[in-house]
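Visitor: Between the sequences and the hints, there should be enough to build the whole structure, so can you do that?
One letter stands for each residue in the lines below.
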Amino acid sequence: MLTIGSVAPDFELYAKPDQKVRLSGLRGKNVILAFYPADWSPVCGNQMSLYNEMESFFIRQNAQLVGISVDSRWCHTAFAEQNKFGFPLLADFEPKGAVSKVYEAYDEGTGECRRALYVIDQNGVIRWNYLSPIDVNPGADGILNALEQINKSTTNDNTINTAGK
Amino acid sequence: MTTQLIPLVNSNDHVSGEGSAVIEVVEYGDYQCPYCGRAYPIIKSIQERLGPQLRFVFRNFPLSKIHPHAFLAAVATEAAGLQDKFWEMHDIVFENQHSLELSSLYQMADIIGLDRERFSNDIQQQELIEKVEKDFESGIRSGVNGTPTFFINGRKYDGSWEEAELYQYLKNLHAKPSMEE
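Taken in order, these protein sequences are the chains called A and B.
With our numbering applied, the first sequence corresponds to residues 1 to 165, in that order.
With our numbering applied, the second sequence corresponds to residues 1 to 181, in that order.
All the given hints hold, so there is nothing to weed out.
What follows is a list of derived Cβ distance ranges for each label pair: (1) B:E137 x A:Y130: 17 to 25 Å; (2) A:V136 x B:K44: 26 to 34 Å; (3) A:V7 x B:L102: 44 to 52 Å; (4) B:N12 x A:T155: 26 to 34 Å; (5) B:P52 x A:Q149: 39 to 47 Å; (6) B:N172 x A:I134: 24 to 32 Å; (7) A:D18 x B:Q126: 40 to 48 Å.
Beyond 10 Å from chain B on every Cβ pair, some chain A residues (computed): (8) I4; (9) E12; (10) V21; (11) G25; (12) R27; (13) I59; (14) C75; (15) R114; (16) Q122; (17) G124; (18) V125; (19) R127; (20) W128; (21) Q149.
Think of the hints as simulated: they come from the structure by calculation, not from any bench.
On a predicted model such as this, the values are computed, not experimentally measured, just so you know.
Backbone N, C-alpha and C define an ideal beta-carbon position, used for all residues, glycine too.
Guide: Shown next as structure tokens:
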């Protein structure tokens, strides 16, 4: 896993057949990167469905969730429609797993992503990471705690800045 | 990730069983979830078998995007709770989880003898909606990652909840309560 405090490497991947998402385009928001092994496999469905229910929590924390796997944009589209996902699934498809490898979230044995989570702050700095066993849905408490930590420190910084002026 | 129930069982919870029970099972469940539907008779049976040794608590964890009726069904049970019939509603809702439209919820309310006007008013109360949302949030904080998720004496239980396995696990806890600490 990339270390906490380092700058999250930028990337651009397809989110829909005709639309790409660039990480640096999300600056100003906290970003949750959720790498997961594959569309359609049951545990992943659960993990992504759980995160899908948390839209209001993430909005409150000024956060954007993106899921990433090596499935194609067409596969992602069908998977997202079936489960009514309200967040983008990015296709790390060509060259296969390139972004996942950079984020040390790629399993060479299976050719799929590992179940890795990153929380990146508004300035693009990695603030939290977690690697879950492949068959365990890690839930969302870690993500939520990390986001609250970030927002607490941001508020404090703002207070200090204002006070200094 | 966390395995600790947050917050612990308190006066906002619906509790079935005695305060003196040595085993406490908390379920985070979704009324439209088929797995929760399957767990329902298992819990019932285990409650019967363990009698006063077991205290059972249900908290709402509706996955609204995939189960469009789950949230309102949860609110309906909370509304029944205001008329002291939470568990009657909880049971009848699980027993009819294939049809949880509003009209069905009204029928169930009639069957268990709720005051219909009051029920109709209460299911629109912001307070009850917030109660269900709070339950969901407490589940997230506690590391719930799907439904049903069980906490036994305050700790997340990752074992099988098939009746034989769950019963044996609880029975063993009771046999050596000192090992729990």
